Structure formats: C-alpha cells, structure tokens
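*Asks:* What follows is each chain in one-letter form.
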Amino acid sequence: MSNQEPIHSFSSRILVLPEANIDTDQIIPARFLTTTTKVGLGKVAFNDWRYNADGSDKPHILNQIDPTEHRVLVGGNNFGCGSSREHAPWALMDYGFQAVISTEIADIFKSNCLKNGLLPVVVSKEVHDKLLANPQQRVTIDLQQNALTLEDGTVITFEVEAFARQCLLEGVDAMGWLLKRLPDIEKFEQSHGKAA
Amino acid sequence: MTAKSLFEKVWDAHVVEPEGADKPAVLYIDLHLVHEVTSPQAFSELDARGLKVRRPDRTFATLDHSIPTLAPDADGNRPYVTAQAKKQVETLEANAANNGLRLFGYDAENRGVVHVIGPEMGLTQPGYTVVCGDSHTSTHGAFGCIAFGIGTSEVGHVLATQCLAQRKPKTMRITVDGKLQPGVTGKDVALTVIATLGFSGGTGYALEYAGDVIRELDMEGRMTVCNLSIEAGARCGMIAPDQKTIDWLRGRQYVPQGEAYDEAAKGWLALASDEGAVFDKEIRIDGSTIEPMATWGTSPDQGAAIVRGVPVAGNEDQERALKYMGFTGGEAREVEKVDVVFIGSCTNGRMADLRAAAAIMKGRKVAPGVRALVVPGSEWVRIEAEKEGLHEIFLEAGAEWRLPGCSMCIAMNGDFVLPGQLAVSTSNRNFEGRQGPGSRTVLASPATAAASAVAGHVADPRQFMALEEA
Numbered sequence: 001m002s003n004q005e006p007i008h009s010f011s012s013r014i015l016v017l018p019e020a021n022i023d024t025d026q027i028i029p030a031r032f033l034t035t036t037t038k039v040g041l042g043k044v045a046f047n048d049w050r051y052n053a054d055g056s057d058k059p060h061i062l063n064q065i066d067p068t069e070h071r072v073l074v075g076g077n078n079f080g081c082g083s084s085r086e087h088a089p090w091a092l093m094d095y096g097f098q099a100v101i102s103t104e105i106a107d108i109f110k111s112n113c114l115k116n117g118l119l120p121v122v123v124s125k126e127v128h129d130k131l132l133a134n135p136q137q138r139v140t141i142d143l144q145q146n147a148l149t150l151e152d153g154t155v156i157t158f159e160v161e162a163f164a165r166q167c168l169l170e171g172v173d174a175m176g177w178l179l180k181r182l183p184d185i186e187k188f189e190q191s192h193g194k195a196a
Numbered sequence: 001m002t003a004k005s006l007f008e009k010v011w012d013a014h015v016v017e018p019e020g021a022d023k024p025a026v027l028y029i030d031l032h033l034v035h036e037v038t039s040p041q042a043f044s045e046l047d048a049r050g051l052k053v054r055r056p057d058r059t060f061a062t063l064d065h066s067i068p069t070l071a072p073d074a075d076g077n078r079p080y081v082t083a084q085a086k087k088q089v090e091t092l093e094a095n096a097a098n099n100g101l102r103l104f105g106y107d108a109e110n111r112g113v114v115h116v117i118g119p120e121m122g123l124t125q126p127g128y129t130v131v132c133g134d135s136h137t138s139t140h141g142a143f144g145c146i147a148f149g150i151g152t153s154e155v156g157h158v159l160a161t162q163c164l165a166q167r168k169p170k171t172m173r174i175t176v177d178g179k180l181q182p183g184v185t186g187k188d189v190a191l192t193v194i195a196t197l198g199f200s201g202g203t204g205y206a207l208e209y210a211g212d213v214i215r216e217l218d219m220e221g222r223m224t225v226c227n228l229s230i231e232a233g234a235r236c237g238m239i240a241p242d243q244k245t246i247d248w249l250r251g252r253q254y255v256p257q258g259e260a261y262d263e264a265a266k267g268w269l270a271l272a273s274d275e276g277a278v279f280d281k282e283i284r285i286d287g288s289t290i291e292p293m294a295t296w297g298t299s300p301d302q303g304a305a306i307v308r309g310v311p312v313a314g315n316e317d318q319e320r321a322l323k324y325m326g327f328t329g330g331e332a333r334e335v336e337k338v339d340v341v342f343i344g345s346c347t348n349g350r351m352a353d354l355r356a357a358a359a360i361m362k363g364r365k366v367a368p369g370v371r372a373l374v375v376p377g378s379e380w381v382r383i384e385a386e387k388e389g390l391h392e393i394f395l396e397a398g399a400e401w402r403l404p405g406c407s408m409c410i411a412m413n414g415d416f417v418l419p420g421q422l423a424v425s426t427s428n429r430n431f432e433g434r435q436g437p438g439s440r441t442v443l444a445s446p447a448t449a450a451a452s453a454v455a456g457h458v459a460d461p462r463q464f465m466a467l468e469e470a
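Top line first, the protein sequences correspond to chains V and C.
Oh and the first sequence: position 128 is 128 in my numbering, straight run, nothing missing.
Oh and the second sequence: position 373 is 373 in my numbering, straight run, nothing missing.
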C-alpha cells in the first residue's frame, strides 16, 4: 500500500494454470484469511491444489517448480474472479509471481493487483493460445513500453490503466495522492451537505 | 437536459474531482462498512502513517466472517475455530476503539452480517455510495446505491480520506419482464441472470435491474438479486428506489424521521433512470419462463432449472465441473443425495428467506442423514424469527438454529462441509472447496434448500408448496 519499488521490465519463464475461472478461493482458501498481516501467505497460495488434508504435498506443478524461475503466472479466462480478498495478490506475490496474464482478469482482483505491484496483463485468445502452446517459454514484460514479448519474438502491447501504471512506474503512492486532495474533499463535503 | 441513468445520477453527485485520461475520478463515499477480515492491514497502514479514521461518523464495523455461530460457554468463552480468529476479532475491537468507530460487536443488538445490518438499520440509504472490503457489497444497490466491494488497500484509502480513486464503469440494464410463476423467488431470478450473462459477462459494468419482475420483488428479493451481481463479474448492481423502498426504510434507526423522511423520499424517487437514458448494453429476460434454479457446476453461472436436470457438458470447463461435482449430464437432479443444507448468508439470511424455508419445513422433518444449518443474518433477524416461532419450526424439523454470522457460506469460522459432501446452500459461491476442502455446493433459494433438506436430495420446492399458490 505504501511506496512500492517501481516496476519497469523483467524477463521470466511462465507458469501455466490453464483452468478457466480460477477464483480467489482457489488462490487462497478463506480459512487462511484470519491473518492480521499480509506477510507469509505464499505458503498457502493455492493451498488445496498443493496439499493433502494431512499437509503432505500433492504432485502439483506449483510444488515442483522453482518460483524464482517462474515469475509470470498464465491463468485461464476470468482469472481472479470471486471475492475481494487482497490476500489473493499478497499470496501470489509472496509465492514469487510478479505478473498475471489471462484473456480476462476480474475487476476487483485486478484493482488489488495494481495496488500491490502484481502486474495484470490481459491478452487476446490468440496470444493466450501461444503461451499455452509453449508453457516452458520465457517472456519479457516491459511496463515502460506496455509490451509483452513472447519467446518466438512476438511483441504484444497491453493496456494498464494510466494512473495505476504511473503509480507502478514511478512508485507513486495512491493513498498519498488522495491525501493531497483533502482540501478539495473538505470543500466537497461542505457544499454537498456531507460535513461531519 | 440529457437523460441520465440511475447510476449516472448517483455517480455524478459524488465526484469530488472528475476523471481524465491520466487520472481516475475522486469519488466520495457516503458509507463505509468494515468487518474483521479485510480491515486489519488497512488500519495498520493508517497507524504506520500516523493517521486516524477521517470520518468515524460514516464508518461502521461489525463482526461476521470469523465469529463462531455457537453460543459462548458458561464462562463466556466463545468457541473460536482458532486462536488466530479470536485475535482477528480482538484486532477489530481495538482498531474501532482506537478510532472512535461504532462497532456492532457481541454486545450490540444489531450485530450481524454486514450486508444484512446496513439496510436493516437504515445506514444504507438511496442515492448513497457504499463500500466495504467485501465483494457482496453490491447488495446495497437494491436501495438505489452505488455499492461495491473493495480490497484492503482501498479500505485504507476510504478510512483515511473518505474517497476512492475510481474509473467510471460502463452501464448495463437488465430488464426482467413478465410475471414470476408461483414458487419462483429472487434467488431464482438472480441465478437465471448470471446463467444468462455468464460468469464474467458483467465485468467492467455497473448493472441496473429493471422490469416488472424486479418491481414486484420485495426488498429482500431485490437485495438477493443485487447481492449476486459480482457472480456475473459486475462490482455493482442497482435498482431504482420506489414506494416499496420508502416503506421498507421508514422508521429505521439511521434514516431521517418524520417530515424529514418524506422530504428525503421525494429525492430518492427522482433517482430512477430518466426516460431515454442510454446504457452501454441492454439485455432482456422473460421472467415468466424462470423456474426454481439450482447450480450443477463449480461457478455460479453453471445453473439451470431443477426440472431440466443436469445439462450435458458442452466444453472442457463444464466437463471438469461435472466431474468435480460427481454429476452426470442428463440425469435428474433428484438422484443427487444431499448431506448438508445451509440456509443463511448475506444472500439469503433475512426474514423473508427464513419464512420461505420455514413454510416448507413446517410439520416436516429433515431427511435422515442430512445436516441442516439455519443461520440468521443478524441479531435482529434472529430475534424476529424467534418471535414468530420460526426457530421452533426449524428445530422441530431437526435443523440446527445458530447465532448470526457468515458461517458456512465462507466456512472460515469452523462451520464447514466435509470433504466429498454435497451441500445445498442459499449462499453465493459454489467454487471448489468454498464451503470446506473438497466440499461440493449446489446454490439455490431458501425454499429449494428447505425442500432438499426434507427430501434428502436436490428437490423442486413447488411439490411442497400449498396448492392454492399454484
């Protein structure tokens, strides 16, 4: 929430979870939401996909890869649907992801990602198919250029809401941006019958 | 003057600073509702910046997600699922005290599920902007509010400034024409809308529900419809205030009283979309064709009329969903043996919902082997239901009667469905494991849930309804 490290450009292998409609209950089941901090949630990211009831590992790809090598998550359509829990991006980032790519990313999840520096990248079905066809590939994401480069050299431009992009690139603090507007907010309250 | 939609009227009245190409609008928030799960990190952020909640008079907190629905023991100890859950509740109690917030805690007669108590107390008022760190905040749209769920970072923004940086969404009007058949409820309308739009069909839109069917719904039914907007991807869903809205809110604790109320109500009626208002998208649904619905898959749009049975999978996602649910395409719903029935939640935990369930359960028994849990949405609902004797109907039928909370909808308080068990639930999400690891969920109306509890399998409730209704 506070000042983040600016994001510019990085390269990484992708990690593909092709299922459509991966909801935030899959990303982090609700029983892990009793935490009062945002740290250390990577170990319960996709908990019920990764672990048996007794805590032992399931043979899931998320247990087999080196997260530092796979920092771009490619999910199926409508990724991040469901609840507003910001624990979802916290868990994904703590696991090691820096970007999420899908053909559609749910609204609240997308907003939560942008607040935390987890870059949501929406691509066409054709590009998505190319990513799924080569799930070991290395991609480059350049926020400065709004460009995603696939291993075969294809360069795709993606959109990020202008203000969120500025926050990510320049480390602008969104709460601070709003706090600077307090004089106008007070005026608004006075003129709209909303003063305390 | 340009014709405006309900959404545009409410939005425009809350713009502190208009949006531009490079910046979102600064949107004023009238009512901020807070609960224990999505707020602790936001309060920590304020603490770290040396800030206090700017408008405690517009910020109200409740305990609902993590709290036990069983009574405390003789020493007053509550049966929390974990020490961490207890700590989370105590954290909100401390944050509320530290910031001078009104917390509807254990001692409050109004404690309950956040989207039940807001309207119940009249905190929710037509024309308001309402936010909460909870995706079902869209519920409050039933009163003509722009109401939407936000993440914890944004909870912090509102606590600190009473504003959010927001882009204006597109608008979509969903008109449900005609007349509902007897035995068909708001939940069935909502599940039909979601099945029509698809799980992400509302993404990027603010929905307005209109048409004769919506007008005819009671306020509880309208809240159920708006509540489920997010299950079609829409952050917000609204219904224009009308005389029903005004009658329902009159006299509630936080609304203006007496003549001031009538004055306010005039303004509320003027919020309705103008004749000729333009929407980015319009869809129409024939309400007379809607039948009692039940989901068959693992997303809320995977639902169908119970009488039509389980559909044959048309793609890989549907195949995967049917496999998880253990259902076979083409089979009748009646073959689905039910283990658990849950009646409650912000979707269907209100008086009208409990009355509908009780009407089916009265004089009947929950089928052997079925666990039925009835959880009122608030203390007020619990007390009213007990006054009407609804709890006795549930208890005599063999169901459990609990204290208010989110309970088995989100399954983080110790109320959960066991691995492999099938639950018919009046809640809002049938995701894999939503009601407990390995749980399987069928979403349905309170009447359908009650009928399924009695029948022991997924059942169309109309077979248990009095003939004169039909």
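Since the hints were derived computationally from the structure, they do not count as laboratory data.
Bear in mind that the values here come from a model prediction, so they are computed numbers and not experimental data.
Keep in mind that the hints are not guaranteed to be accurate.
[What the hints assert, rightly or not] The calculated lysine to aspartate or glutamate pairs, modelled on EDC-like cross-linking and capped at a C-alpha distance of 16 Å, are:
(1) C/LYS23 / V/GLU159
(2) V/LYS187 / C/GLU17
(3) V/LYS194 / C/ASP339
(4) V/LYS180 / C/ASP57
(5) V/LYS43 / V/ASP66
(6) C/LYS23 / V/ASP173
(7) C/LYS168 / V/GLU161
(8) C/LYS323 / V/GLU19
(9) C/LYS170 / V/GLU161
(10) C/LYS23 / V/GLU19
(11) C/LYS365 / C/GLU388
(12) C/LYS23 / V/GLU170
[What the hints assert, rightly or not] Just the calculated beta-carbon pair ranges, DEER-fashion:
(13) V/GLU159 / C/ILE283: 55 to 61 Å
(14) V/PRO135 / C/LYS52: 44 to 50 Å
(15) V/ASP173 / C/LYS281: 33 to 39 Å
[Stated by the list, open to error] Facing chain C, from chain V, some residues (calculated, C-beta under 7 Å):
(16) ASN63
(17) GLU104
(18) ASN112
Where a beta carbon is used, it is the ideal one built from N, C-alpha and C, also for glycine.
*Asks:* Would you pick out the hints that fail for this structure and give their numbers low to high?
*Replies:* 3, 4, 10, 11, 13, 16
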